[in-house]
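Student: These are the residues of each chain, in order.
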Amino acid sequence: MSYRITGNTGEWEIVVGLEVHAQVISQAKLFSGASASYGGEPNTHVSLIDAGFPGMLPVLNQECVAQAVRTGLGLNAQINLFSRFDRKNYFYADLPTGYQISQFAHPIVGEGKVLVDLADGSTREIGVTRLHLEQDAGKSIHDQDPTRSFIDLNRAGVALMEIVSEPDIRSPEEAGAYLRKLRQILRYIDTCDGNMEEGSMRADVNVSVRKPGEEGYRTRCEIKNVNSIRYVMQSIEVEAQRQIEIWEAGGEVDQETRLFDHVRSETRSLRSKEDAHDYRYFPDPDLLPLIIEQSWVDELEAALPELPEAKRDRLEREYGVSRYEASVLTAEQAVADFYETVAKGADARLATNWMLGDFFAALNRTGRSIEDSPVSAEGLRELLSLISDSTINGKIAKEVLEDMVETGESASAIVERKGLRQVTDTGAIESSIRDILAANADKVAEFKSGKDKLFGFFVGQTMKAMKGKGNPALVNETLKKLLSE
Amino acid sequence: MSLDAKTVTRIARLARIGLEPGEVDSLGKDMGSIIDWVEQLNEVDVTDVPPMIGTGLATPRLREDRVTDGNRRDDVLSNAPDREGPFYTVPKVVE
Amino acid sequence: MSGMHDFTLASARDALKARKISAVELTNAHLDAIERLDGRLNSFITRTPDQARVAAKAADDILAKGEGGALTGIPLGIKDLFCTNGVRTTAASKILGNFVPPYESTVTSNLLRDGAVFLGKLNLDEFAMGSANLNSAFGPVENPWKRNGSDAKLVPGGSSGGSAAAVAAGLVLGATGTDTGGSIRQPAAFTGIAGIKPTYGRCSRFGTIAFASSLDQAGPMARNLQDCAILLESMAGFDERDSTSVNTPVPNYEAALTRGVKGLRVGIPKEYHAPGMPAEIEALWQQGINWLKAAGAEVVEVSLPHTKYGLPTYYIAALAEASSNLARYDGVRFGERVKGDSLDALYEATRAAGFGEEVKRRILIGTHVLSSGYYDAYYLRAQKVRTLIQRDFLNAFEKVDFLLTPTAPSSAFAQDEKPTDPVQMYLNDIFTVPASMAGVPALSVPAGLDAQGVPLGLQLIGKFFDEETLIAAGHVIEQAASFTHRPAIHAGVSA
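Chains as they are written, first to last, in numbering that gives the first Met the number 0: chain A, 0 to 484; chain B, 0 to 94; chain C, 0 to 494.
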């Protein structure tokens, strides 16, 4: 089903393209040796290059280039062996040199694509136009002083990848799915941490609307700097609604930059006067063109980790999990790694059920992530092996897992300490059952007269008497045998 | 030909150089004569000629990804005309 | 202390090494000369006598141990475009009038490493934009030369006018200059000294205030080419902090001095016979050709067909870059601030008050040629023409080893003869700009005096990184010309 907004004049289709700014994971900044790490006392992660002092010159960081290439490869994109840095000239308080160094005319990565999975099980391909490297700006702080803004340049010069999509997105859901998929890929190849709260990933959202079947695009608006997937989806909805109302009232949408206010759930114009913007791009004469070797690209490609789609397909194949299960298990690389550690050499079905069931529930309950899981993958594997070799049964195992979460002890230690080892001694089971049957002679008579349902009652009573440790199969078998005596 | 006042004003605005009203005309005249003079480049046939970027002598070089700089706030702020604690300041920016 | 002012840099170096003189007395003699003469010449923006004396004393201690580098104890002046750690660096602009860099440029670091003693920071055209040193927020520099029988103040050329005047007047034994379109060579010619603009990428640009990044190149200025060679060897070298720095070994330039030109081919570019050029400059050029021929060089006429487009191409490329390079002077992180009610008001007031007239004009033109709708017509086209200019040189250098031209189309003019039309002023650089555009090395060497007794220079242009051939050929001209004239105002005579 295509996403449509119904206005007064009928249905409307939305057209969305996203420009994602993803902060590159690197030690140092794109053109200086200052730290690129988040936080730090104001103006400490700053070199004189970042602060634009006279005579300071940029020198390109190799790892940032490598990260852009890796990301390009992850997006199935064209890697441009020739690219170039341009200056984008404008004045702003947090832009020390008066220009941002960016790749305008010749980006390092060209066209690529991202496959997104939608809730109805369908898949959509969203085109990537380009990816280029550029510098982040510093930060202006407006709330510390009544008449002045304060400037912190810690972020100034940190490497960003701007990833521009084609206007292929047709619904808020697709926008969300695209961003999640992009973030998943970036995290898999470890080129951006995708942390939208800290601003290491943020999106500019280009929105326009048109009538279904209409050729070409109508005027778009750009919603700047949206910093969560939810807000991206919301902003698309409210902006599309706003534009539809304008068109339907016989007006014209102005091409402009807007800001999303999530509190009031509206977008509003950021700059009324666009005339001041003429960025005067030209090649940065302080830098040489960036020329990379195909052999280097090949090396980077060979060293790439398995990407989400390939991993999902492999898990389906190797572990016999369903496509849905595989998607959940590969949502994050750490989850997939955890799963494979558990499932390797174990009962894969058991591993899958336990991961998706009790284990995820335990993570949720404790508010922990897979990275700081209270139970290690090896620990969970041991627990499952105790089920497989009949040391404990599934019900006891649930208790043991809870204990493991709480105490951090190993499964076997808990089983030993609490004496949870399953009873497989037929003599002991038979003796327990004989006691139960003797104490419930009336029920035995009812059973024998045909009230089959009572079998469950006898199982329950036996397990209770054995404190849950009876081997369920042996209990069943022995009960059947004694009841038929 | 002299650059008109509107153009001069727009360019000065882009360059963030405040102009006195009296300066606009003379600047327009000077800039116009320089622009007219550089127009002679239109005589040159540049078909298939690549633009020069740098002088093409240095070999591309990339820096190792190591933190070698920063933690020099005193240097960074040493020349600031209006420093406030660890920050540079500007007149309040309203968005 | 008479005699102290007869030293060249090379002879002073030898005398210091031989302990015939001390660095302290050499430095003091030069500081005294500055004290006496520079009130008039105005070649210094900032003098650093106390630091100089300390450095000289340290140099003597090193020399006493029989140690020391190539420049230990040599008093130099530094163009105030090179950032010097803890010493005010202004670019001759009001906007940097109070700027004290917490860092040292690579070029000056190299000179300090080799033991040089800095006497101060030398005047220039604001941000190196000018050809007469009339565009300084710290006042014009006077050329120490006089026309016969005239007291008119002549310009020293620009933008390295303070460097040129200080060297010519004997206030320093050598100076750093920077050359974007002729800013070393033209003032050298106007003041009767030698100056080298090395190959682009030879000297690091790190810590040198930028005018036009793709053209700026530091170089030495001194009384003769031997002195320049010694300085260049110290200043040059690969610097990983400058992406355009070239990683190629620095040769022993001084050793190239006496190589001669026997068997070399010298090209004479026919397009440099500019219409309206004074006959005495044409004659001097011919004289230079004859000297080289007599020394065994073969003379070949060559063509650099795009020569006439050099200047307009230069002004587009250089001003575009400058408009962007000078955006950082905004009154926020350093420099003089003029208050404003809003951020934009602060920028506009700061830059209006901080930049001089010529700098503003150039920023505006540079902004214009990059602006929307004009980029292709101006900037992109100019960069294509620049490719053609470079090809002209590369083609010529397939036939010849170096080129000989006049350095400038006139001798030094008087301060009050400054043309009012900016384009006329730009024509001063007509012979020097093409080599800058191509990135090839060039030097100017004093070759004679004009009829009014004012010096004239000849320019040699060479192949990439072949400064050595230029030094050798320049030395042939030096010797043939035996240029021993001194200006009216110089150390050792009364002002």
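Derived from the structure by calculation, the hints contain no laboratory data. Even for Gly, the Cβ is constructed at its ideal location relative to N, Cα and C. It cannot be assumed that every hint is accurate.
Selected chain A positions facing chain C (in silico; Cβ < 10 Å) [stated by the list, open to error]:
(1) L80
(2) F81
(3) N88
(4) G97
(5) P145
(6) S148
(7) Y230
Student: When the hints from earlier in the document are held up against this structure, which numbers fail?
Tutor: Violated hints (numbers, rising): 1, 2, 5 and 7; every other hint is consistent with the structure.
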